[in-house]
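A.B. asks: This is what each chain is made of:
Number of protein chains: 2
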Amino acid sequence: MTQRKVKAAVLLIGDELLSGRTQDINLQAIAKYLAPLGVQVAEARIVADTPDEIIAAVNALRVKYDYVFTTGGIGPTHDDKTADAVAAAFGVNIDVREDARAILEAHYKGRTSLNESRLRMARIPDGASLIANPVSKAPGFQLGNVFVMAGVPSITRGMLQDIGHRLEGGAVVRARTIRAKGVPEGDIADDLGALEQATNGVVSFGSYPWFTPEGFGVHLVARSADAAALEKAIADLSALVRARGAEPEEVGDAA
Amino acid sequence: MTQRKVKAAVLLIGDELLSGRTQDINLQAIAKYLAPLGVQVAEARIVADTPDEIIAAVNALRVKYDYVFTTGGIGPTHDDKTADAVAAAFGVNIDVREDARAILEAHYKGRTSLNESRLRMARIPDGASLIANPVSKAPGFQLGNVFVMAGVPSITRGMLQDIGHRLEGGAVVRARTIRAKGVPEGDIADDLGALEQATNGVVSFGSYPWFTPEGFGVHLVARSADAAALEKAIADLSALVRARGAEPEEVGDAA
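Top to bottom, those sequences are chains E and B. Mapping the first sequence onto the numbering used here, position 104 (from 1) lands on 104, and the numbers just tick up by one. Mapping the second sequence onto the numbering used here, position 125 (from 1) lands on 125, and the numbers just tick up by one.
Next comes chain E alone, as it looks inside the complex (with noise of 0.2 angstroms):
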């Protein structure tokens, strides 16, 4: 049985991350932990602490794929600005919610004052579900199919683990990778791209070379949802790999 594609897309939000200040790195950790899950990311787009891009980057990608994971933007500060848009561009109200005040006041008794900063983390668009953070306590939120997190990397992978359970996954597509030491990448390139062609669009390749003190090689990624095609498609690459004298290795944790 084939089952259907589901992709997502990631929005990062943060002028930091566009201006050099910040590397991101939950990009990747959102997209290892949806895989398994059977959902792909599509597309990943950065954006500014800016209401009008926040939201026409929110309207695009919610209806060109089957979820949205944003991150950023929903801390105590003036610069935080996701959760008003997304409100804006699901054209609902925005607002401080008790059950999202309920916990915050929870976390911050006795140690600190709820004050009007603060309290924006409690600001939640109608019809939004809540989404736990493990870690500092102020929720995101899911709506509709858009799930809003954190963007500080502890939280935003926290946030994930009360995500997961609410997707429907499609096929999951799994990853195996040879690695060829010795082997320059233009070698070998004229032959994969036949091997992809044979398979119809069941398996796709990849080839990334690679460079050290030591040596030089190639890593060949094979990904596919039909594991028999899969498989097949390893013997192949190994095939190729001893056809030029080099000896095929299989590596693991492939994306």
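Keep in mind that a hint or two might mislead.
To be clear about the criterion: a stretch of chain B counts as covered by chain E if any three or more of its residues have a C-beta under 8 angstroms from a C-beta of chain E, and this derived list gives those stretches [to be verified]: (1) 18-26; (2) 94-106; (3) 155-165; (4) 183-193; (5) 199-212; (6) 244-251.
FYI, nobody ran anything at the bench for these hints, they're computed from the structure. Ideal Cβ placement from N, Cα and C applies to all residues, glycine included.
Chain B: place on chain E using the hints.
C.D. replies: Frame of chain E; chain B shown alone:
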């Protein structure tokens, strides 16, 4: 004299960036390279090695921004589709071009064959100018306001060196950072918002909380094209921090 803002988009191309296999580090490098030249990255997108996706993104971004920088997809393999896609986006022809071919021939002479796959790297859209690749010779190219570079980070960095002189930058936005140990982000947020309002858009402020085993705090970043306004902003931020019983410390390497 108020200079205009020159804005750029970065388009990162590669299945491996969306699958989670590869962590992009080019966006940060490009943003940091462009900032002192007076070019600000205003948006970034990450798309797959799919011609339609690349074409749509290139066309959307090149009319919206002054410059577009792409990475990835100009290698020798079948999944390197960027050059042809960019040509299609501009509606121009693409073929192996003599100047690019000559570079590759000289590079591979006596070492290995300039086979069909490697020759793909000499495919240059009509009207494009070449961008030098000091690392591995296969050139990038500029077509209109779009600069097409390789995705391997060392090569991207090398290609940037032949790009800077082609750009007409605008106002240079500088950032300065105050580190405030022990100040919770939520405490200072209200005042930060007020500070930004008071500058009427001349200075933008961001706060980035940090947590380490040794303690916590916040980095307060002020960004502006107006050096005098920036100096005042640093003084104001320092006052805010002292008012909370902490010692402000200006730290370097801000973006």
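A.B. asks: Are three or more residues of the stretch 244-251 of chain B within 8 angstroms, CB to CB, of chain E?
C.D. replies: violated (count 0)
A.B. asks: Closer than 8 angstroms, Cβ to Cβ, for at least three residues: run that test on the stretch 155-165 of chain B against chain E and report holds or violated.
C.D. replies: Coverage by chain E is violated here, the residue count being 0 at a Cβ distance below 8 angstroms.
A.B. asks: Per the coverage rule (Cβ-Cβ under 8 angstroms, at least three residues), is the stretch 94-106 of chain B covered by chain E?
C.D. replies: violated (count 0)
A.B. asks: Would you say the stretch 18-26 of chain B counts as covered by chain E, given the rule of at least 3 residues with C-beta under 8 angstroms?
C.D. replies: holds (count 8)
A.B. asks: Would you check chain E against the stretch 183-193 of chain B, counting CB to CB pairs closer than 8 angstroms, and say if three or more residues qualify?
C.D. replies: Per the Cβ count (8), the hint holds.
A.B. asks: Given that the stretch 199-212 of chain B was listed as covered by chain E, double-check it with a C-beta distance under 8 angstroms for 3 or more residues.
C.D. replies: This one holds; 6 residues, not fewer than the three required, reach chain E with a Cβ under 8 angstroms.
Violated hints for the displayed structure, listed by number in ascending order: 2, 3, 6.
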